[in-house]
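Asks: Given next are the chains, with one letter for each unit.
2 protein chains.
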Amino acid sequence: MSSTVAKALSLLNYFSESEPEIGLSELARRSGVDKATVHRMLAVMCDHGLLEKRGDARLYRLGAGVLRLARVRETAFPVSSVFQHSLDTLSAEIGETAHGSLIAGRALATIGVSESNRGSRVSLVAGEILPMHSTASGMVVLAFSRPEFVDRALGEPLVAKTSRTVTDPNIIRARLQEVRLTGYAEADQTNEDDVYGIAMPVFDTDGTPAGAIAVAMPAHRMTNELRRHTISALFAEADKLNFGIGGRPPAEFRAAAARFSPT
Amino acid sequence: MSSTVAKALSLLNYFSESEPEIGLSELARRSGVDKATVHRMLAVMCDHGLLEKRGDARLYRLGAGVLRLARVRETAFPVSSVFQHSLDTLSAEIGETAHGSLIAGRALATIGVSESNRGSRVSLVAGEILPMHSTASGMVVLAFSRPEFVDRALGEPLVAKTSRTVTDPNIIRARLQEVRLTGYAEADQTNEDDVYGIAMPVFDTDGTPAGAIAVAMPAHRMTNELRRHTISALFAEADKLNFGIGGRPPAEFRAAAARFSPT
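Protein sequences, first through last, are from chains A and B. Quick note, the first sequence lines up with residues 1 to 263 if you use our numbering. Quick note, the second sequence lines up with residues 1 to 263 if you use our numbering.
Think of the hints as simulated: they come from the structure by calculation, not from any bench. Warning: the hint list may mix true and false statements.
Label pairs and their calculated CB-CB ranges [to be verified]:
hint	chain 1	residue 1	chain 2	residue 2	range
1	A	Gly95	B	Ala43	41 to 51 Å
2	B	Ala43	A	Arg118	42 to 52 Å
3	A	Ser3	B	Arg30	21 to 31 Å
4	B	Asp193	A	Gly155	17 to 27 Å
5	A	Glu178	B	Ala43	52 to 62 Å
For every residue, glycine included, the Cβ atom is placed at its ideal position computed from N, Cα and C.
Start from the sequences and build out the full structure, keeping to the hints where you can.
Replies: Below, the structure is given as C-alpha cells:
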C-alpha cells in the first residue's frame, strides 16, 4: 500500500525548473514503474490537482493544486516570507547571493533566493533540491539532525558533484562533528566548481533543524575577511530568523554562536 | 492501487487556512479510512515533504515540499503573479475585493486575493476551495467546461450554503446556458449571506476554462451602475489575463464579450 503511494509521490520529484513538463514514457523510464501503472498514478494526481496536462499536449506539469497547498501553508505558517526578508538582508549586506532551504521529508528544498546584483554571481534555482553531503546547507542540517536522519541521508548513493566532493560517509561524519562545534559549514567547490558556500542551520520548535540559510559566492572572490564577515552576518540573521519562525536552537548551537568571535 | 493513492491525496484537502493542523484520529474519522492505514499514508506523505509533524506535537500540517512544488510551477508557468496583477487592478478600479481561482483537478482553488481597503469588504481566504454550484466563479467555469466535467461536479452532493443556493442540477444547467450567452455569472448571496459576486472565466491554451476572476462585494452596496462597471472591468481584465497566460477564449465567449455594451 504505502509503497504505491510512495511511488506515485516520487514522480513529483522529477519536476524542476529545468524540467517543468515531462511525458508519460519518460516518467515510466525514470521511475522504473511500468507505463500502465504510471499512467494510472498520473491520472489520480491530475484528479487531485497536483499535476495537470494542458490541452492536447502529451506532457504533464505541476498542477494549480500545489499553488493552493503552498498558500494554505504559508498563510498559516509564514516561513517563506520570513526567510525572504533575512535573505534580502544578507545579500544586501554581503553583496553576494543568499539562499534559504527547508527540510521537506528526506530532501532539502530551496525555498528562497536573493541574488546579489553583481554581474558575476551565483545563481540558484527556486525549488531546487540540494544534496546533503556536497552543500554547506546540507551539512549544517545533517550536523544537528537526529542520527536516523543522518544514517538515511548518508546511506543513499552519494554523488561526486565535483572533483572535490567528499563521498566517504566516514569522512563526512567527521566533518559533521566539526560543524556541530563551529555552528556553520563551508562548501569550497564541493557542489559546483567555483562556488563557495557558507551555511548556518535554522531550527524548529523542538530544536531539530528546520532548514538552513546560506551565502554563495564565486570561489575566487573568497577572502579571509569576507569569510568572517559572512559568518558573522549569518549568525546575526540565523538568530533573527529563529526568533521569527519560533525556532529553538539547541544548546550545542548556542554554544557555537557564543564561541564565535568576529574579529 | 489508484484508490489508495487517491485516498492518501484526499487527506490533503482537509488542510485549510482555518484548519492548518490536524491530528491522526480526526483525519481517520473524516476520510472514513481506518487509523492504521491513515497513519501509514501520513508517514509516506511526511517522507515526501507534502506533510510534516512538528516536534512532539501530534498534529500534522502541510510540509515544506508544497512550497518547493509551488515555486517550481510558478517559476516555469508564472500564473499566480499574472493573476495578482489583474486582481490588484480590479480591486483598485472597483473599490471592492477581487479574487482569482484556478481549476485544480476537480476543485476550484482560490490562488489570489486583492482586498479592497474599505472598512466593510468581503474577505477571502487564500487557498480556499470554492464550491462550483454556489459561487459566480464556479458557475463561469462550469458554463464553459466539457460536459464530463459538469456532470461530475453536479453529480456530487450540492450543499445549500445559504437559503438562496440553488441545489437542483436541472436549474443549475439552465443557468449555465445563460452564463454561456452573457460570458459572466452573478452570485447574489448564493454562497454567503450579504455577499454578491460577479465572475468571468479565463481560459487555457485549448479553450477550456483555466479558472476565473471575480469581484465580491457586500450585497447591500450593489447598484445597477456598480454592476455594469464591474462587468465591464472584468471583460477588460479577462482579456489582458488571457493574453498574459496564453489562454484562448472560445468563440462563444468572444461572442458574449462582443455583445456586452457597457452603457
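Asks: So, against the hints stated earlier in the document, which numbers end up violated here?
Replies: 4 and 5
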